[in-house]
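Chains as they are written, first to last, in this note's numbering: chain U, 20 to 134; chain S, 30 to 140.
Keep in mind the hints are simulated off the structure, nothing from the lab. Glycine is no exception: its CB is placed at the ideal position from the N, C-alpha and C atoms. Treat each hint with caution, since some may be false.
Residues on chain S that point at chain U, a partial pick, calculated with CB under 7 Å [said to hold, decoys possible]: (1) S60; (2) L74; (3) G82; (4) D96; (5) V121; (6) T122; (7) A132.
Estimated spans, in silico, between C-beta atoms of each pair [what the hints assert, rightly or not]: (8) U:R130 / S:S41: 21 to 31 Å; (9) U:R34 / S:G111: 49 to 59 Å; (10) U:Q60 / S:T122: 13 to 23 Å; (11) U:I31 / S:N53: 32 to 42 Å; (12) U:G35 / S:N53: 39 to 49 Å; (13) U:N75 / S:Q38: 20 to 30 Å; (14) U:R130 / S:Q38: 31 to 41 Å; (15) S:G82 / U:I31: 17 to 27 Å; (16) U:R130 / S:L87: 40 to 50 Å; (17) U:F88 / S:S36: 34 to 44 Å; (18) S:G111 / U:G22: 19 to 29 Å; (19) S:S36 / U:G35: 35 to 45 Å.
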Amino acid sequence: KAGVTQTPRYLIKTRGQQVTLSCSPISGHRSVSWYQQTPGQGLQFLFEYFSETQRNKGNFPGRFSGRQFSNSRSEMNVSTLELGDSALYLCASSLALAGVINEQYFGPGTRLTVT
Amino acid sequence: TQLLEQSPQFLSIQEGENLTVYCNSSSVFSSLQWYRQEPGEGPVLLVTVVTGGEVKKLKRLTFQFGDARKDSSLHITAAQPGDTGLYLCAGVTDSNYQLIWGAGTKLIIKP
């Protein structure tokens, strides 16, 4: 079974620009979560999508948004990029079936550098 | 706000030594997961512990879930350079299955 894939793997953007990151979950997984990872803040939860609906949301500004498509693929968008947005963005998928432990399967991440 | 505190934040030891990483909270979790992350990759799930007092072994790694389901530990016996990485614990809440993440323990095993 193919793992979680994320594109692109590396990205360099300029302050003020916007960026869209893509995530394809493991086949059959209905939940996709997005995380921001930085050396100083660790792994920070951005949001989770389940059946095309945002189910949980972390404490990030509205510049960070996402969506999920009917095939469970997900995208996240960051508008008006700031230097502090430089981070590794990780996507994780899970089965998210009722009564099943929410084990996360991560992609390799997208390394975003804002200059 | 639910918090999960991991300690130590950083550990550098020689090959062959033993070590323990701790994950503590004042909150009760329905289960707790341990992940390992290597540079340039996403975290990989190592184990999930569900029952209070549960002990799981994965080769030289021993995971324990506290009786009250508020804390967990990871013990590595005879550490090897291949154990190097960032170890993360994540607690699963009862309410909405959201994961609460620890800040991680960066482990370096020197040959």
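Right, here's what the structure says about each hint:
For the restraint placing S:S60 at the interface with chain U, the shortest Cβ-Cβ distance is roughly 5 Å, inside the 7 Å limit, so the hint holds. Interface hint status for S:L74: upheld, as the beta-carbon distance to the closest one in chain U is roughly 6 Å, under 7 Å. Interface hint status for S:G82: violated, as the beta-carbon distance to the closest one in chain U is roughly 18 Å, over 7 Å. Against a cut-off of 7 Å between C-beta atoms, the interface hint on S:D96 is violated, since the closest Cβ of chain U lies about 19 Å away.
The beta carbon of S:V121 is positioned within 7 Å of a beta carbon in chain U (closest approach about 6 Å), and the interface hint is therefore held. A distance limit of 7 Å between C-beta atoms decides the matter here; for S:T122 the minimum to chain U is near 9 Å, and the interface restraint is violated. Residue-level restraint check for S:A132 holds (minimum Cβ-Cβ distance to chain U is 4 Å; threshold 7 Å). Between U:R130 and S:S41 the CB atoms are about 25 Å apart, so this pair conforms to the stated range of 21 to 31 Å.
Under the hint 49 to 59 Å, the C-beta atoms of U:R34 and S:G111, about 40 Å apart, miss the expected range. In this structure, U:Q60 and S:T122 meet the distance hint of 13 to 23 Å, their C-beta atoms being roughly 20 Å apart. Range check, U:I31 to S:N53: Cβ separation about 39 Å, and the 32 to 42 Å hint holds. About 42 Å separates the C-beta atoms of U:G35 and S:N53, a value consistent with the hinted range of 39 to 49 Å.
About 26 Å separates the C-beta atoms of U:N75 and S:Q38, a value consistent with the hinted range of 20 to 30 Å. Take U:R130 and S:Q38: their Cβ atoms lie about 23 Å apart, and the range 31 to 41 Å is violated. Range check, S:G82 to U:I31: Cβ separation about 49 Å, and the 17 to 27 Å hint is violated. For U:R130 paired with S:L87, a C-beta distance near 29 Å fails the hint of 40 to 50 Å.
In this structure, U:F88 and S:S36 meet the distance hint of 34 to 44 Å, their C-beta atoms being roughly 40 Å apart. A C-beta distance of roughly 20 Å is found between S:G111 and U:G22, which places it inside the suggested range of 19 to 29 Å. As the Cβ distance of S:S36 to U:G35 is approximately 40 Å, the hint placing it in 35 to 45 Å holds.
The structure is inconsistent with the numbered hints 3, 4, 6, 9, 14, 15, 16, although it conforms to all the rest.
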